[in-house]
Amino acid sequence: MSETEKNIDNVKVMVIACARSVNLEGELSGLHGRNLSGVDNAYVVQVPCSGMIQPRMIESAFNSGADGVIAMGCQIGDCHFREGNKFCRERLLGVRPPMIKKTVPKNRLKGLWMSEVQVNDFKNRVENFKKEVVEELKLEVKKA
Amino acid sequence: MISVVLTKIVREGQKVLLRIEDILNKILGSEQNVLYYHGAIPNFFMWMLFLSGLLLFAYYTCTLEAAYQSVEYITQKIPFGDMIRGIHRYAADAMMLAVWLHALRVYLTDRYREYRIIAWYSGVALTVMMLIIGISGYILVWDERSYIIVKMMSEFLGALPFVGETLSHAFINDNVISNYTMSMSFFLHAGISLSLLVMLWIHYMRISRPLVNVTWAIGCLLAGIVLVVSALFPATSGPEANFTVEPTYFDIDWFYLWIFPVMKAVGYPLTWLIVLPALVVVTILPSLIKSKDHEAANVNANKCVGCKLCSVDCPYEAIYMAPRNDGSKFKEIAIVIDERCAECGLCVGACNFDAIELPFNLSPVVMDDIRMALEEGAEPVAA
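Protein chains in written order, with the numbering used here: chain D, 1 to 144; chain A, 1 to 383.
In case anyone wonders, no lab produced these hints; they're calculated from the structure.
From a predicted model like this one, the values you see are computed outputs, not experimental measurements.
Accuracy of the hints is not assured; some may be wrong.
Stated by the list, open to error - The following residues of chain D were derived to be distant from chain A, with all beta-carbon distances above 10 angstroms: (1) I8; (2) Q54; (3) G84; (4) V95; (5) K102; (6) T103; (7) V104; (8) K106; (9) N107; (10) L109; (11) L112; (12) E132; (13) V141; (14) K142.
Claimed, not checked - Sample of chain A residues at the chain D side, in silico, Cβ under 8 angstroms: (15) N25; (16) L28; (17) S30; (18) D313; (19) P315; (20) R340; (21) C344; (22) G349; (23) N352; (24) L362; (25) S363; (26) V366; (27) R371.
Beta carbons: idealized from backbone N, C-alpha and C, even for Gly.
Bound conformation, chain D alone:
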């Protein structure tokens, strides 16, 4: 992943998002309707609730070439299915089974909890996350 020099222009981010959180209808454009409009190299795949996000999905995103992964659900406290986003957050924090594998780079994995009225804020955060991922990748190269 980090063999070639990664920078803000080619770092890839996968957002696995609850379909009810940031409303991405009309926000998606391009290939297969999965590119996040306005943010380069950011892709979105939707699930009915962030509680459905399996650790394996996150692993699969990293294995398929994502440099950073965002799991996104509604604001904590407000889940259409009561507890999905809390469960998802607990899995990201490693306190709820099934656990995320240790090989997954936790520092390049992020949980975002936002509602559909926060689309612009969401895009800024994805942009910022890309910067964080670039920094993190530099650190990892140094360590190696």
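The hints should help you fit chain A onto chain D, whose structure is shown.
Then chain A, alone, in the frame of chain D:
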């Protein structure tokens, strides 16, 4: 057509709520966001009412001759009696208001139909029960207002065809207001109050972990508001009921007694013609929006290891574990109760063995989507 309009209302309402929610989250934090306790808040007021009601009951006398005096005694002689009475009065209003806000929120966030239908029906029942409790509570004071309520209520019930005559005797026996009126009112007030608990049990059915308690901070805030209002606007009785004088006016508690001005304005039969259809519409509201095709989660018996994680995570008690005797080395298997399933996928997220899947959202398809987006999306594509 109705379905389309209602769906639109719900969509727009949801956005308004989300904006309020966002602001409250920034001010209060999600832990103390009152919006997230919209169901627990009426519950909190209910316990305030049980407690203050019990204290009032200690000095209340349930007879025609003594009821009014005993309420006056509580208000004037018992230490903090006026406060307890005020709390009982205003917590009741607060509870009704909180219930309406709760109903509005679950309606606007589309959380009242399909797999939540039991909660909606029982919620309507709970609200009607609260109205009866409130109206009968105002009879117990036995001031002029109580007298008008008894008279109008009996005539109102009497206006119903077939059963009306019998029902009106619930309050007035042989056209005479007697102690029987009082004991009946007390029975309705206290008896239905206690049966709220039974109806609440039904209300919470199918919810794995209902949120029934507010936080300490919110509890203190709500109790504080009720206390301040009770101190600023003491609850008082009107003049004692007097059968020789026909009272013409009384203060209306709009949360519980709104039906009396309606009766006065349009007459009894028309009030029934407004109230009953309204109740029917509210009850069938969930059926007015067309449901999507329902395809419950299903379990792959070959992959299920009986780890229970999905049944623990299911928010609607739709998954239970059953012993298996199909020769598998595992002792239990997860079973999905189709009509309870919300198709939320929480069970899928809890399963590490790909043993449970949503037919409309298969996890292998999600994984493929992720792979394809990343691999094929490598080249930036113009929109």
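Taking the numbered hints from earlier one at a time, note which ones the structure violates and give those numbers from smallest to largest. 2, 3, 16, 20 and 24
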